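**Student:** Chain order of the listed sequences is Z and H. Note that this note's numbering has the first sequence beginning at 138, numbered continuously upward. Note that this note's numbering has the second sequence beginning at 63, numbered continuously upward.
These aren't lab readings, by the way, just hints derived from the structure by calculation. Given the structure is predicted, the values throughout are model-derived calculations rather than measurements. For glycine and all other residues, C-beta sits at the position ideal for the given N, C-alpha and C. Do not take every clue at face value.
[To be verified] Listed next, the in silico EDC-like pairs over lysine to aspartate or glutamate satisfying Cα-Cα at most 16 Å (straight line):
{"hint": "1", "chain 1": "H", "residue 1": "418", "chain 2": "Z", "residue 2": "224"}
{"hint": "2", "chain 1": "H", "residue 1": "418", "chain 2": "Z", "residue 2": "220"}
{"hint": "3", "chain 1": "H", "residue 1": "444", "chain 2": "H", "residue 2": "433"}
{"hint": "4", "chain 1": "Z", "residue 1": "178", "chain 2": "H", "residue 2": "390"}
[As the list claims (entries may be wrong)] Anything over 12 Å on all C-beta distances counts as not near chain H; from chain Z, calculated:
{"hint": "5", "residue": "152"}
{"hint": "6", "residue": "212"}
{"hint": "7", "residue": "214"}
{"hint": "8", "residue": "226"}
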Amino acid sequence: MKDFLFVFRANTEMPKPSPEQMQDTMKLWMDWISGIAAQNKLVDRGNRLESAGKVLRPGNVITDGPYTEIKETLAGYSIVKADSLEEATELAKGCPGLLFGGNVEIREIGKM
Amino acid sequence: MVGDELIPHLFRTEYSKITAVLCKLFGFEHIEIAEDIASDTFLSASELWGLKGLPENPVAWLYTVAKNKAKNHLKHEAVFNSKVATHLNYSTESMELFDIDLSDRNIKDSQLQMMFAICHPAILPEAQIGLALRILCGFGIGEIADAFLTNKETINKRLLRAKDKLRAENIKIEFPGKVEINKRLETVLTTLYLLFNEGYYSASNNSALRKDLCFEAMRLTHLLLENEETNKPVVNALFALMSFQSSRFEARMDQQGEVILYDDQDTNLWNKELITQGEAFLNIAAQGNELTKYHLEAGIAYWHTIKEDTKEKWENILQYYNHLLLLEYSPIAALNRTYALSKANGKAEAIIEAEKLQLANLHVYHLLLGELYTDVDNDKAKACLEQALRLTNSTADKKIIVQKIGKLK
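Work the whole structure out from these sequences, hints included.
**Tutor:** See below:
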């Protein structure tokens, strides 16, 4: 088994959800990630990321987030294990982020 | 004969107390001596009481006899050892000074310290449970063999190996220091949890013995709650879990010792006192920030004390199982979680999730699938249940599965 990183990206152009919707979404995430844990394929639940951030560029150029010029923002990550990239991609299906215009990037984690 | 009857399990309870105190005194090097003195005491008692009736205060009588036997032994040993050995654990002088302290306080302290010693990480879990049953609960070798569904010889060997290990590792009968107590407490709780489960889920048909195992696990857990150092939220959570589970004891088995499934249980037989007790301890367990598997399992057990199937009940159970799996994977948690999912979100979703579990080697996996496919695709349900039947060796399980197949149209 190899480890794979799920990078969750959220669509910033979507309207802000209501508190009720957020609670429902939380449950969707919980059920989905636990479904992977139930297959014993979750390595690290990972973390969600706050929307505020900074980007440092050459010459000490610092820009603030959120990045209104792009419609995608990094929302979080998790680590799963699978035999292949295909299997890992299969695990990513059902990710609640997809329901809200977001996406999941699946990348194998290189071994040192 | 005096009319008074002995309180149930008096010998067993007092055996464990006397052994703990004496063993604490002698150290594990001489654990057999402690056990022998305790056994001798009860032999004297049973012979004498059988002839002459019960003494006025049986416990005090036992303690006096045990003390005398211990002192005699020490004198004997001291004379012997002073001639042949110098590395004495107890010297002649100190022997004159000490009294063998069988006060309530010292008994509890000794048992608690003994619990930490036995539940040492160096001892295998199975051996820990055996030692706990023997030394802390006063069970006979035959009873332990019965509980583990094995023979006396196996248990004897297991206990001997464990005792050798206690000596080889030079494990002291003492309370762990402040730094290591949490780590050590974890092992103790695991053993108590396994001890309880051994009684609750054992395949043994001896239902009285099974209840005793659960009762003993609760008694030992309560011993931890009585001590300030170990009265922690996690211990309260475990005690709450045990209370909720044991509340269904009378309802989960019929007169013939046959298992009655949760859905078919008579709730009038559920023990309300134990449920209330569980709620009280679960409330105490909620203090602090720690969320352990015992908290989550107690939460699941709490919702099971409410028979009515509501959306709220199964949603809560599902979320507890989700958290449990995120803490630590186990096949049983994965299966139970999928069942809760079917109750909370419907069978269609649960079937998709169940098919992903890759637990086809377990009969309970096919039992779950059979359950999920029932009324959705009964041919498929039947095939799953038949597969479960092929994979199990337990007669009780086979009976339940055959019943389920019979109910399918």
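**Student:** Would you mind marking each hint as holding or not holding in the structure?
**Tutor:** Hints, verified against the model:
| no. | hint | verdict |
| --- | --- | --- |
| 1 | H:418 <-> Z:224 | holds (12 Å) |
| 2 | H:418 <-> Z:220 | holds (14 Å) |
| 3 | H:444 <-> H:433 | holds (9 Å) |
| 4 | Z:178 <-> H:390 | holds (11 Å) |
| 5 | 152 | holds (26 Å) |
| 6 | 212 | holds (19 Å) |
| 7 | 214 | holds (15 Å) |
| 8 | 226 | holds (14 Å) |
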